[in-house]
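J.: Take the sequence shown: its position 199, counting from 1, is numbered 199 in UniProt numbering, and each next residue is one higher.
Source of the hints: derived by calculation from the structure; they are not laboratory data.
Any given hint might turn out to be false.
Straight-line distance between alpha carbons at most 25 Å, and here's what the computed BS3-like set of lysine-lysine pairs gives [claimed, not checked]:
no., residue 1, residue 2
1, K168, K199
2, K106, K170
3, K171, K106
4, K168, K194
5, K113, K170
6, K168, K362
7, K194, K172
8, K218, K106
9, K218, K111
10, K107, K201
11, K248, K370
12, K172, K370
13, K111, K172
14, K330, K171
15, K111, K100
16, K199, K111
17, K172, K362
18, K194, K113
Label pairs and their calculated CB-CB ranges [what the hints assert, rightly or not]:
no., residue 1, residue 2, range
19, N228, R167, 35 to 43 Å
20, G114, N228, 36 to 44 Å
21, N296, A99, 12 to 20 Å
22, S184, T303, 19 to 27 Å
23, K113, D321, 38 to 46 Å
24, T260, E322, 16 to 24 Å
25, P361, R167, 24 to 32 Å
26, S184, A99, 14 to 22 Å
27, P103, Y302, 21 to 29 Å
Even glycine gets a Cβ: it sits at the ideal position worked out from N, Cα and C.
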Amino acid sequence: MRDFIPTRIHGSFKLIILVLAPLVLFIGTTVWYSGATPSTFNRVAVQSSTIKENDSTLNSGFSEVHFTAESKIRLNSNSGHVPHPVQNVDILVIVMGEAKSHPMWKKRIAKLKGSISLLYGSFDEEIPINNCENEHGIFCEETVFIPGTTWTQGRNLLAAQAVRKERKRKKKYDYWIFLDDDVSPRCEGGEPMKQLLGKGKCWQKIFNFISSDQVPEKVSTVALARSNSGPPGFVGVSNADAMFAAFKREHVPYLLPYATIREGGSEWTSQAALFCVMQTCMKSSVLYIPYVGGINEAHREYTRGLNITEIRQTIVNNYHDEEVGFNPCKELGLEHISQEGWDKFSTFNAAAHLNNMIPEPKLEVCEPMKKRFEQWESQITA
Numbered sequence: 001m002r003d004f005i006p007t008r009i010h011g012s013f014k015l016i017i018l019v020l021a022p023l024v025l026f027i028g029t030t031v032w033y034s035g036a037t038p039s040t041f042n043r044v045a046v047q048s049s050t051i052k053e054n055d056s057t058l059n060s061g062f063s064e065v066h067f068t069a070e071s072k073i074r075l076n077s078n079s080g081h082v083p084h085p086v087q088n089v090d091i092l093v094i095v096m097g098e099a100k101s102h103p104m105w106k107k108r109i110a111k112l113k114g115s116i117s118l119l120y121g122s123f124d125e126e127i128p129i130n131n132c133e134n135e136h137g138i139f140c141e142e143t144v145f146i147p148g149t150t151w152t153q154g155r156n157l158l159a160a161q162a163v164r165k166e167r168k169r170k171k172k173y174d175y176w177i178f179l180d181d182d183v184s185p186r187c188e189g190g191e192p193m194k195q196l197l198g199k200g201k202c203w204q205k206i207f208n209f210i211s212s213d214q215v216p217e218k219v220s221t222v223a224l225a226r227s228n229s230g231p232p233g234f235v236g237v238s239n240a241d242a243m244f245a246a247f248k249r250e251h252v253p254y255l256l257p258y259a260t261i262r263e264g265g266s267e268w269t270s271q272a273a274l275f276c277v278m279q280t281c282m283k284s285s286v287l288y289i290p291y292v293g294g295i296n297e298a299h300r301e302y303t304r305g306l307n308i309t310e311i312r313q314t315i316v317n318n319y320h321d322e323e324v325g326f327n328p329c330k331e332l333g334l335e336h337i338s339q340e341g342w343d344k345f346s347t348f349n350a351a352a353h354l355n356n357m358i359p360e361p362k363l364e365v366c367e368p369m370k371k372r373f374e375q376w377e378s379q380i381t382a
């Protein structure tokens, strides 16, 4: 074969090659990206804490999610990414926080387009009680006072209040969205983000997306990546930060209430236990909102840290049912829960592609979780 390789190239021909080579390389690269299948897209990079195999405790916290610049594949007009609103998506926004944050949240939610109601629980001082009687076609806001509660206790009290609201209105919401009062979203994505999330400011874009047909059917929860920017496409995981957790109402009985933890225990324990449930029952069904990240701005003091022995015992106490052989996460390790992105898929450029990859939920296996919810629900008084 060596005889067929020219050993000399005429000077003018060499010049043509030098001129055309960059153009050929550019065209070839463009064709490769436009024809790439979802499996060829760059994976999301996650920065994790280093955990020794024999470590039983971690105090550094859940690691921030980072998305590589190379994975930012541009969405185009024929990719099916223009969101279409789903009619009558009914959302309950549930915020727990300081009383001083309430006016901001009331104004924020009232300005959003869509069927959205607000349930605000203040833990430091009482807010004048406001209970709306008519929720049809108007903004509805309700306030409750939950003094002296921890994060886990407060969220469970607000979940119970959500049940009462549904009983009163004789209709379930489509989403329960739990938020910390200091959560701050970051929308970064230029034109591709506008194509996917629609018009409006960052909060409006978030609710545009949740209310659209771009949320895959198999998704149980919509979340924000704990980062200054979100993924440039559709990413499914089994765990995400609880600062923003939009539970599809049909999956609430398998996920709530949050696990009861020991008095004085780390508030991260209940969230770690929920990661176990998600991975067991609805693997990779947590969807990061594309192009949107989020952070907590207040950095409040609370009991934190991850102790694997305590987490395992909490899972046993709250979820295990030996009579039916339901005992998830016996081998759970810190490496599974110390960072966001457990069971992460690649960044897909269409909701349908991610939906095809998310495993079918194991609802029959996780029937004890539903029974746990029903027992808890039956104890909620008017």
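J.: Decide, hint by hint, whether the structure agrees.
T.: The hints, checked one at a time:
| no. | hint | result |
| --- | --- | --- |
| 1 | K168 x K199 | violated (34 Å) |
| 2 | K106 x K170 | holds (24 Å) |
| 3 | K171 x K106 | holds (23 Å) |
| 4 | K168 x K194 | violated (38 Å) |
| 5 | K113 x K170 | holds (23 Å) |
| 6 | K168 x K362 | violated (31 Å) |
| 7 | K194 x K172 | violated (31 Å) |
| 8 | K218 x K106 | violated (31 Å) |
| 9 | K218 x K111 | violated (30 Å) |
| 10 | K107 x K201 | holds (14 Å) |
| 11 | K248 x K370 | holds (14 Å) |
| 12 | K172 x K370 | holds (16 Å) |
| 13 | K111 x K172 | holds (23 Å) |
| 14 | K330 x K171 | violated (38 Å) |
| 15 | K111 x K100 | holds (19 Å) |
| 16 | K199 x K111 | holds (14 Å) |
| 17 | K172 x K362 | holds (23 Å) |
| 18 | K194 x K113 | holds (16 Å) |
| 19 | N228 x R167: 35 to 43 Å | holds (40 Å) |
| 20 | G114 x N228: 36 to 44 Å | violated (26 Å) |
| 21 | N296 x A99: 12 to 20 Å | holds (18 Å) |
| 22 | S184 x T303: 19 to 27 Å | holds (23 Å) |
| 23 | K113 x D321: 38 to 46 Å | holds (43 Å) |
| 24 | T260 x E322: 16 to 24 Å | holds (18 Å) |
| 25 | P361 x R167: 24 to 32 Å | holds (26 Å) |
| 26 | S184 x A99: 14 to 22 Å | holds (19 Å) |
| 27 | P103 x Y302: 21 to 29 Å | holds (24 Å) |
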